[in-house]
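J.: Sequence:
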Amino acid sequence: MNEKRILLAEDDLISATLLQESLASLGYQVTLAEDGRKAKELFLENQFPIVITDYDMPDVNGIELIDFLKEEEVEPIIIVLTNNSETSIIIDIMRRGIYDYIVKPIEAEELSLKLQRAFEIHNIRKLEKVAKREREMRLESHLDWIKWKEKIGGSGKFKNLNQNLFESLKTSFNQGTGFGALVSLLKIVSDSAEIEGDFYKIDTEIMGLIKTNAEMAEKALYTFSEIDEILNGKIELETISLINLYHEIKNVTNEMSNLLDIQKNYLYLSEKKSSFDQNKINIHKKYFIMALKEILTNACKFSIPESSIHIVMYIEAKSLVISVYNSPIKNSDRTEGIPLEFENMIFEPFFRLTKFVYDDYKTLDFGLGLTKVESIIKRFDGKIEIKNIIDHLYAKSQPKTKVICRISIPLVIENGI
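So in the UniProt record's numbering, spot 225 of the sequence shown is number 225, and the numbers just go up one at a time.
Just so you know, these hints were derived from the structure itself, not from any lab.
Think of the CB as a built atom: it goes at the ideal place given N, C-alpha and C, for glycine as much as any other residue.
Some hints here could point you the wrong way.
Stated by the list, open to error - Below are the SDA-like pairs computed for lysine to any residue, each with C-alpha atoms no more than 20 Å apart in a straight line:
{"#": "1", "residue 1": "Lys250", "residue 2": "Lys272"}
{"#": "2", "residue 1": "Lys219", "residue 2": "Glu316"}
{"#": "3", "residue 1": "Lys293", "residue 2": "Lys362"}
{"#": "4", "residue 1": "Lys272", "residue 2": "Gly233"}
{"#": "5", "residue 1": "Lys293", "residue 2": "Ile227"}
{"#": "6", "residue 1": "Lys383", "residue 2": "Ile227"}
{"#": "7", "residue 1": "Lys250", "residue 2": "Ile227"}
{"#": "8", "residue 1": "Lys286", "residue 2": "Met256"}
{"#": "9", "residue 1": "Lys250", "residue 2": "Lys211"}
{"#": "10", "residue 1": "Lys378", "residue 2": "Gly233"}
{"#": "11", "residue 1": "Lys387", "residue 2": "Glu316"}
{"#": "12", "residue 1": "Lys400", "residue 2": "Pro339"}
{"#": "13", "residue 1": "Lys38", "residue 2": "Ile90"}
{"#": "14", "residue 1": "Lys104", "residue 2": "Ser22"}
{"#": "15", "residue 1": "Lys362", "residue 2": "His247"}
{"#": "16", "residue 1": "Lys211", "residue 2": "Ile227"}
{"#": "17", "residue 1": "Lys387", "residue 2": "Lys280"}
{"#": "18", "residue 1": "Lys114", "residue 2": "Ala16"}
{"#": "19", "residue 1": "Lys273", "residue 2": "Glu316"}
{"#": "20", "residue 1": "Lys114", "residue 2": "Leu269"}
{"#": "21", "residue 1": "Lys383", "residue 2": "Glu294"}
{"#": "22", "residue 1": "Lys280", "residue 2": "Leu221"}
{"#": "23", "residue 1": "Lys293", "residue 2": "Leu340"}
{"#": "24", "residue 1": "Lys318", "residue 2": "Ile240"}
As the list claims (entries may be wrong) - Each pair of labels, with its calculated beta carbon distance range:
{"#": "25", "residue 1": "Pro305", "residue 2": "Ser15", "range": "52 to 62 Å"}
{"#": "26", "residue 1": "Asp56", "residue 2": "Ile413", "range": "12 to 22 Å"}
{"#": "27", "residue 1": "Leu18", "residue 2": "Val412", "range": "28 to 38 Å"}
{"#": "28", "residue 1": "Leu18", "residue 2": "Ser241", "range": "41 to 51 Å"}
{"#": "29", "residue 1": "Tyr361", "residue 2": "Glu64", "range": "49 to 59 Å"}
{"#": "30", "residue 1": "Gln29", "residue 2": "Phe224", "range": "20 to 30 Å"}
{"#": "31", "residue 1": "Glu215", "residue 2": "Gly97", "range": "48 to 58 Å"}
{"#": "32", "residue 1": "Lys272", "residue 2": "Val412", "range": "10 to 20 Å"}
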């Protein structure tokens with residue numbers, strides 16, 4: 001129930017009880033605190049993702065409680081209830097960095113909508129914090145990883161990695177639709193087709209399968225052509241503001257509904273930031289959208305059913321960072337997500353961690369998608385990495401593995417600034 005817990009600080013017992021019952025009917029677990037002091041004690045005992053506080057309370061009031069909560073390592077989403085609609089008071093409340101406020105009397109529908117969005121934002125902030133902590137840990141272990149690669153450079157373990165790549169290549173051409181199926185079908189035709197004059201008589205069902213697999217093979221060859229064009233062709237980049245890019249990404253998320261419905265997954269995009277208006281990047285819009293759709297399709301395919309996928313967009317170190325998080329299903333060898341030894345291999349052509357074909361998603365499943373994505377991001381002078389992170393933010397919950405696909409694209413620096 002961690003995701004549905006709310007701390008309610010309200011000194012009016014009748015109002016607090018009514019609100020608690022209303023929220024409980026919506027599936028929330030509400031803990032009551034009769035004033036700000038009690039709310040502080042309860043929060044220190046067990047941190048809450050959402051805190052709803054009254055503005056006017058005895059002893060420790062709403063403002064003092066907000067100031068306390070803002071200093072906590074894991075800052076909750078704060079919603080303030082107030083009887084006062086004066087502009088100066090509302091401005092003072094919002095300046096303290098709270099999520100939102102509601103002027104009493106409380107409309108149940110309004111509060112429900114605000115809470116739904118508040119929990120989405122909480123999850124995104126949580127992922128951002130986990131990713132930041134993971135990056136710090138990765139920096140410490142990066143040298144060890146380089147030494148490990150050097151150590152196994154001529155060993156059997158490194159050869160096994162290459163063998164996995166060649167096995168993936170073999171599987172891609174011999175399993176499922178496309179080249180491998182064409183070879184099998186043509187052998188069937190060669191063995192079974194009857195000759196009538198100058199023609200072969202071929203079963204209509206077999207011919208239909210040949211046409212289907214020829215189309216898939218053609219798509220694979222077209223993907224090769226696309227990758228070659230991306231790597232070596234003349235691509236004109238355009239300068240686009242981050243706010244416009246945000247809306248483009250929003251449009252892509254709206255177009256993903258059919259794929260999300262397959263496993264009943266949910267897709268969330270982080271909120272816009274004011275800095276998006278002033279900053280720009282250089283990209284090719286069509287190729288960027290192509291790469292993003294490939295990443296999101298992979299997230300859908302390899303996520304636990306009914307789990308959430310989050311897109312987080314922010315600025316860091318003079319670059320735009322776009323991170324996509326998902327909760328991965330287990331691989332055939334019972335590992336989760338992207339094992340460390342395969343983090344660099346996944347961008348190699350034909351490399352696949354799974355040998356399954358995902359017909360519902362209408363993808364080629366040849367192991368070329370991420371190769372194309374990496375080629376696109378590199379043309380923007382960007383970087384991409386896909387790896388596991390461990391979500392251990394809350395000590396009372398069992399750590400969970402998530403996969404992060406992190407793209408960084410340098411910002412346009414104008415006037416030498």
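J.: Next step is simple, just say for each hint if it's right about the structure.
T.: These are the hints, each one checked on the structure:
1. Lys250 <-> Lys272: Roughly 10 Å separates the two Cα atoms, so the pair holds.
2. Lys219 <-> Glu316: Given pair Lys219, Glu316 is violated - Cα atoms ~37 Å apart, limit 20 Å.
3. Lys293 <-> Lys362: holds (13 Å)
4. Lys272 <-> Gly233: violated (34 Å)
5. Lys293 <-> Ile227: Holds: Lys293 and Ile227 sit about 16 Å apart, inside 20 Å.
6. Lys383 <-> Ile227: holds (17 Å)
7. Lys250 <-> Ile227: This hinted pair is violated, its Cα atoms lying about 26 Å apart.
8. Lys286 <-> Met256: The hint holds at about 16 Å.
9. Lys250 <-> Lys211: violated (37 Å)
10. Lys378 <-> Gly233: Holds, at about 13 Å.
11. Lys387 <-> Glu316: holds (19 Å)
12. Lys400 <-> Pro339: holds (14 Å)
13. Lys38 <-> Ile90: violated (24 Å)
14. Lys104 <-> Ser22: holds (15 Å)
15. Lys362 <-> His247: Violated, at roughly 26 Å.
16. Lys211 <-> Ile227: With a Cα-Cα distance of about 24 Å, the restraint between Lys211 and Ile227 is violated, given a limit of 20 Å.
17. Lys387 <-> Lys280: violated (27 Å)
18. Lys114 <-> Ala16: The given pair, whose Cα atoms are some 18 Å apart, holds under the 20 Å limit.
19. Lys273 <-> Glu316: With a Cα-Cα distance of about 13 Å, the restraint between Lys273 and Glu316 holds, given a limit of 20 Å.
20. Lys114 <-> Leu269: Within the cut-off at roughly 16 Å; holds.
21. Lys383 <-> Glu294: holds (16 Å)
22. Lys280 <-> Leu221: violated (34 Å)
23. Lys293 <-> Leu340: Since the Cα atoms of Lys293 and Leu340 sit roughly 24 Å apart, the hinted pair is violated (cutoff 20 Å).
24. Lys318 <-> Ile240: Distance of about 15 Å is within 20 Å: holds.
25. Pro305 <-> Ser15: 52 to 62 Å: violated (40 Å)
26. Asp56 <-> Ile413: 12 to 22 Å: Check failed, 49 Å falls outside 12 to 22 Å.
27. Leu18 <-> Val412: 28 to 38 Å: violated (53 Å)
28. Leu18 <-> Ser241: 41 to 51 Å: holds (46 Å)
29. Tyr361 <-> Glu64: 49 to 59 Å: holds (52 Å)
30. Gln29 <-> Phe224: 20 to 30 Å: violated (53 Å)
31. Glu215 <-> Gly97: 48 to 58 Å: Since Glu215 and Gly97 have Cβ atoms about 54 Å apart, the given range 48 to 58 Å holds.
32. Lys272 <-> Val412: 10 to 20 Å: Distance hint for Lys272, Val412 holds at roughly 19 Å.
Hints 2, 4, 7, 9, 13, 15, 16, 17, 22, 23, 25, 26, 27 and 30 from the list above are not met by this structure, while the remaining hints are.
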